[in-house]
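Asker: Knowing the structure of chain A, use the given hints to seat chains B, C and D on it.
Chains as they are written, first to last, in UniProt numbering: chain A, 1 to 255; chain B, 1 to 255; chain C, 1 to 255; chain D, 1 to 255.
Put simply, identical chains are the same to the list, so a pair is met inside one copy or across any two.
Below, in silico cross-link-like pairs of lysine-lysine (DSS-like), each with a Cα-Cα straight-line distance of 30 Å or less: (1) Lys4 / Lys52; (2) Lys13 / Lys148; (3) Lys239 / Lys52; (4) Lys148 / Lys131; (5) Lys4 / Lys41; (6) Lys171 / Lys243; (7) Lys134 / Lys13; (8) Lys172 / Lys150; (9) Lys172 / Lys239.
Keep in mind that the hints were calculated from the coordinates and are not lab data.
There are 4 protein chains.
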Amino acid sequence: MSIKVIIAGFKGKMGSTAVDMVKGDADLQLVALLDPFAIEKEVDGVPVFNDKADLVGFDAQVWVDFTIPKVAYENTRFALENGFAPVVGTTGFTEEQITELTDLSVQKQLGGLIAPNFAIGAILLMEFAAKAAKYFPDLEIIELHHDKKKDAPSGTAIKTAELIRETRSYKKQGAEDEEETLGGARGAEFDGFRIHSVRLPGLVAHQEVIFGAEGQGLTLRHDSYDRISFMSGVNLGIKEVVKRVQLVYGLEHLL
Amino acid sequence: MSIKVIIAGFKGKMGSTAVDMVKGDADLQLVALLDPFAIEKEVDGVPVFNDKADLVGFDAQVWVDFTIPKVAYENTRFALENGFAPVVGTTGFTEEQITELTDLSVQKQLGGLIAPNFAIGAILLMEFAAKAAKYFPDLEIIELHHDKKKDAPSGTAIKTAELIRETRSYKKQGAEDEEETLGGARGAEFDGFRIHSVRLPGLVAHQEVIFGAEGQGLTLRHDSYDRISFMSGVNLGIKEVVKRVQLVYGLEHLL
Amino acid sequence: MSIKVIIAGFKGKMGSTAVDMVKGDADLQLVALLDPFAIEKEVDGVPVFNDKADLVGFDAQVWVDFTIPKVAYENTRFALENGFAPVVGTTGFTEEQITELTDLSVQKQLGGLIAPNFAIGAILLMEFAAKAAKYFPDLEIIELHHDKKKDAPSGTAIKTAELIRETRSYKKQGAEDEEETLGGARGAEFDGFRIHSVRLPGLVAHQEVIFGAEGQGLTLRHDSYDRISFMSGVNLGIKEVVKRVQLVYGLEHLL
Amino acid sequence: MSIKVIIAGFKGKMGSTAVDMVKGDADLQLVALLDPFAIEKEVDGVPVFNDKADLVGFDAQVWVDFTIPKVAYENTRFALENGFAPVVGTTGFTEEQITELTDLSVQKQLGGLIAPNFAIGAILLMEFAAKAAKYFPDLEIIELHHDKKKDAPSGTAIKTAELIRETRSYKKQGAEDEEETLGGARGAEFDGFRIHSVRLPGLVAHQEVIFGAEGQGLTLRHDSYDRISFMSGVNLGIKEVVKRVQLVYGLEHLL
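Here chain A stands alone, though its shape is the one from the complex (with noise of 0.2 Å):
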């Protein structure tokens, strides 16, 4: 039997990037969107809805969101209240309203997954790498991003960074009379390791983490060329999140 789903933010990019996959896969049935700016009524026999109030009582299991920040935090209530298992892909929210949504979803018994990353390729690299840093404490990591990118390092190489720090042991790598005759030439420093960031046309976003110890090396690389990359990551959240009888934060939890 299929899962019922509802998509929160449908006409969004991620939103209608996650309609074609649910319409895509015959474990799931689409069966109902929300969008409280919508004019249509239904779409390809879906109805749609204006103001989540209608949706109280509706068949579904899931809940998916793709909303915005202010409204996120009560859709992923509504949706615990109301039965539907939440699979929230918006950020933005603290960690005491995900502690809060968490308890609602344990009183509720309710599965759900708030994610900020939906790549399961990117939280894999993650995993690994922080598995790989307990045996080889030496290591660099390099990002590589189209050139529009403003911030350096990116985002999810400081998170790689972060998981890596807590299961490696500490050590200042290079060598100690180490010199730069071009400031900037090894890296950012974060935790005695070093984070080089790449920007050029034509990539999307990248990420390599280059382990070294004496005679091997082992490399992890994720490439992301496209958004749909994501869907693989809400599809493996739908199909668990029925399973499970609390909601979790991150993806990492559910692989």
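Answerer: Frame of chain A; chains B, C and D shown alone:
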């Protein structure tokens, strides 16, 4: 307090590299060397034995064995019976022998390790590849070795492929109407995915597992340049077996 | 002063991308569009023609052609006869046609370009690979494409291999007693070296040429993500043909 | 007929590797060895000299020199004056010395080579990078070395960057509002592009130049694992200088 280590087969390539490694680690203490054909009575103050029988009652915790298949089983048995936790890099054990030695270890409440591969990086790569294959069933393996290598694919590639098969949902990859205009272009087929073997001078032993999914890719690569890379695995083995009460087959069980 | 450009076949995928490219470059000026089936009379102020005969005497220097094989030869001939330097991306010319058009260009003292491939990066890779093969006769090609691709190896890989064959001293690579325990592992053989074809979802069109020699390796890789990458080649073609007095076949002759 | 070779500085690391290389090539014949402090009178039948004066009138065509900066200039001068084409790997020549030796070579109608770098792969990479930069002005250099290396970026990276500067149209890369949230993340700036230095155990000497453009990327990588890689450059040098009538500075002039 340092761990007291005996090394059997100390005159071979791996054995002598192990001698250097143990001497170079302040947490380990080399206390005896064994080789039936050694003439010297000691090496840098460490006594050399020709007959393992003379080591009965010797004060040591770990028995490192890089001998030859013919004697390794007897040596491992002897080690367990005399209270030395074995760390064995010699290959050629039968399944029956491993079961028997494992049972003996449990009875003696001793840890132990028999490992066909001590390269931690290679073992992590296999573990990561098997996990990633759960979520990314589309993958190809490229292994690259020096051009004197006789067999293709490499043993490590086959082992990796077998581990992937256990976690991956079977899928025949590639286009249905795929056609090789030059025979062999698509590589060797293994359980619906492909393995490619590159042979070039200058290379040593390298392996890449490439996963692809809509909009993203994940690549795992291990480079092995030198036998010395095995020593971090031997070192880890020594430090782990003294904390355990059962022999294991495969370094992955200590990671 | 800007170069005045006519685009034939402006309604196709390549043609319309070329329209955008010409409009976006201040050094170029789009002066006419041609398509036998176009209904519109102009596009953003640029006149649209259905019949090339109406372009006799038109004030333009370059004729960009992304039509179909059936008409491309006639179009190129027409361009040369009427003083427009042709830049042609349509394929399917015979050797006789190319020779004839080249002769005509010399007679008219006009530059011109017929190019089966406008990706500058792919062409540089081929040129570099052919040069490197002079010094490094040991090499393998790995080409990677999306998993809907039917033929293996790719046309670009074959072309690259042919160019390499011209500069490389023949050598049968790999160990003499090499053995495939899984058929196809060593890839396709071409002139004594190997070509491997990887097919995975998420990939677009990528090619790697790996050279190996004692103690060193050289790797050349081209990644093609999008048709837009061809436009820098078309742009270069337009700017170069106006300086030349002979038509060439292949963008490499203008690099 | 084989080329007769003298090797000066035959007891050093490079010199002795060169001895092995010459002996291993049937097209070359080792006829004399020179070292002021050598005690032996011959090595495998090849006469050893302590004083270059004793080599006046000796029957040889090429003088390979891996001595020390202090004597290399005098040696090279001596070689040219006595009819031996010099192939010199010793560094430290001044521009004036190179000019003077080049003039002398022309006068004597002798070829010759003074090369700061004999790794053909590294030199090809520089040449290719400089050519690609003409068409792809957006690029970054990543150089990777063992973690005992003191200076960053490497000398080879600086040299590569200088060659690129000669062909590339100046451009300040990266987003205009780019911001480093961790200092150094974007690497060292050189003429508007970036250089990143990675330092890890297990690595030897590697360099990657990554070019990016709309819809495509081009990556050039050289891996140097062992000093032996220089020998193919020395070999090529010996075989080329006997065909030339002028000394050149830099192996690239013989490629």
